[in-house]
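Take these sequences, add in the hints, and give me the full structure.
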Amino acid sequence: MSSPPSIDSLTGSKIVIDNVTVDVQEKIASGNDTCIYKALDSRGSLYALKAMKAADEITFQSYIRQYDFMRKASNCPNIISVFCQSIDRASHTAIFLMEMCEENLTSYISSHFEQGIDDKTKVEIFQAVAAAIHNLHAQQPSIIHRKVSTDSVLFSHGAWKLSGFSSATTTIYRKFESADARIQAQNDIESNTDLRYRAPELLDLDKNLPIYRKVDVWALGCLLYRLCTNKDAFETADQINNVSLTWPENVQIHPKLKSMIKGCLEPDPRKRPSIDQVLSKLYEYFPEWVNPRWQEKKQAGKPFFNMPKYGAATMPANKVRRKPIVFKEFKVEPNKEEDLVAAPRRVKFVTVNLGNGRKRMVPHRRGSNCDMPNVDAQPPAQDVTAPSKANPFALMKASHAQTTDFSKRKVSFNAELPISDPFAEVKKIPFVLASDPAPESKPPQKVEAPAKEPETKEEVNIDAEALVNEMKNDHRGLIKRLLEGSDELMSASINSLIKSSPVLGTRFLFKLLHKCGNRVQRILANSPTNPSKEVQAVLDARQNVISKFPMFEGNLGLDQLRIKSEGRMPPVGEPPICTAAAVELQGLLEASLTLLEKLPIPEFAEEGIFSYTIVSYIVLKMKQAKKADETIFNTVIPKLVEEHGRLKPIVRKLGDQNFPSAPFNFDDPNSVRNLHCPTYIQRQKPA
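According to full-length UniProt numbering, the sequence shown is numbered sequentially starting from 1.
Because the hints were derived from the structure by calculation, they are not lab data. Note that this is a predicted model, so its numbers are computed, not measured. Just to be clear, a hint being listed does not mean it is correct.
[Unchecked claim] Result set (DSS-like, lysine-lysine): computed pairs, CA atoms no more than 25 Å apart in a straight line:
id, residue 1, residue 2
1, 122, 258
2, 147, 271
3, 648, 515
4, 122, 262
5, 231, 147
6, 147, 258
7, 175, 147
8, 271, 548
9, 207, 548
10, 281, 122
11, 207, 175
12, 175, 533
13, 281, 147
14, 207, 262
15, 120, 262
16, 281, 548
17, 515, 480
18, 598, 639
[What the hints assert, rightly or not] Cβ-Cβ distance ranges computed for the label pairs, FRET-style:
id, residue 1, residue 2, range
19, 271, 295, 17 to 25 Å
20, 244, 624, 52 to 60 Å
21, 476, 271, 32 to 40 Å
For every residue, glycine included, the Cβ atom is placed at its ideal position computed from N, Cα and C.
Set out below in structure tokens:
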């Protein structure tokens, strides 16, 4: 887009957006920096044109993020479609071409409430919005909408769709290490959330409650309350903090819808249900109205590719002549009636030609999960060729010279590390503002461990210098002492170590994680925000994994689960050996690789090895049980090949020569014969 006119005066102009020419019609909405117009393409199809002009670079970058979030979530038909964008960096201007919607949920409730909205319609609307949030939370990393409300839900092509991504983020607030950080977070929250839908943790940051995906669940509860009563659940901050929810006496509300509202409006985000649990409960309450997809937890994180076909918007016509797209319907082969619910369906993928030699693999888009009117989509006119169905491992050799028994592995990292102490300084550490002092060449000194503090809320006094010396001279003893001590002692110790010596303290934190067994939640809950964004990304990814699959231990093993279940593990396809777990763990692996490529040190390499191992283990078990779905074949396995190529040279350089020389060939028994879950503890037979 060259020299764009003022965004306030686009009516009557022709605009080319990514080779799509549209005639701009009348303006239908405007804000401080945004104007929305009706627009027609060459077919006469109607679209919404959103024009934005930023006052600064930060705001302009938020436009780009907004578009990326919408495109990333575009496989969900309950999310507003955006087709293309045009940006002009010089003028900080951006234009989106989006599907045109008929009305928002606020106006629908106002116009229909007096005559009555039946319970089935309420459930269908609630399900559509919840499905959209589910799609956002299932992304890697999770997208938090932050402005879910009746104003941001629109009706288009027979479906209710979530819009309003200008406030969406992937940022998770945990603990604030300074007043400035708290003020910055407060400003961000006040600018990007609506008070009426704001969760309690967003109001009082001094409580240090986690601020993450659960804020959308709270807002979803407020939306359902408005849908049932035509009133806002809360109007002031005091009402939110006290959760003083009143029910209008003259309005009849289905008891199960009341229960859904109360569940979503749990004030403690740690006890508030996840979006998966909300949808599961919705199916439990209304199985005749809710898509059976949500009845089983193992479906969590599954994409929306194969829902009933509805709600698809029409792609604008291009002035550029292109070959028509050719879609082939995928087939579901029901063996038994119950398999239609539980068995993963096969998904067709297509290769879309983006022009200029660029191509992208995309799923054959289907409809949604609600019983809405069936509206067929006219596919975009782009070149498509069907992808090869060959197994990505088929070209590998049938046998590998080196295999690894991960059940008994002890990683050795010695090469090119001029250190004898496992916590000695590594040169050229880029993620701290001030580098740690080099360790002094002194003989090890015996340090008396402080007495174990009682588990109270009283402040714990830490001798920082003594603690650092104990870490350097007896890190195993320190790990044991912290795991046996109180949460206050652990929190104060980890904070002190990372503050005194960011590099060594961070390495110790990872050692503590890998040796902590099933105490991972306790460690992560007491870890401060790390000065390295790459390290913090790994810790956040680990937190995401553990919050969804708490059975994984510090080294991602499953020994305690085996012992607790007396050797009878959950069936393959159920957590933790399921597609959703593989996807979450692969997100942790990606974060670990990003950290390793910037800072290759042993403790971070162990995190990458454990992640790679357990994802491979899950894939193997899923294939052996014939439970592997299209996500495993088309996403997880190809990414494992690429991740092996990135991980191998790093761990080999650090001295681990046992790491597999080639990616696992899951069809070759010799390649995977020694592939097991990581383990550090001695298994015991149940009494």
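- Quick check: which numbered hints come out false for this structure? Violated hints: none at all, because every hint is consistent with the structure.
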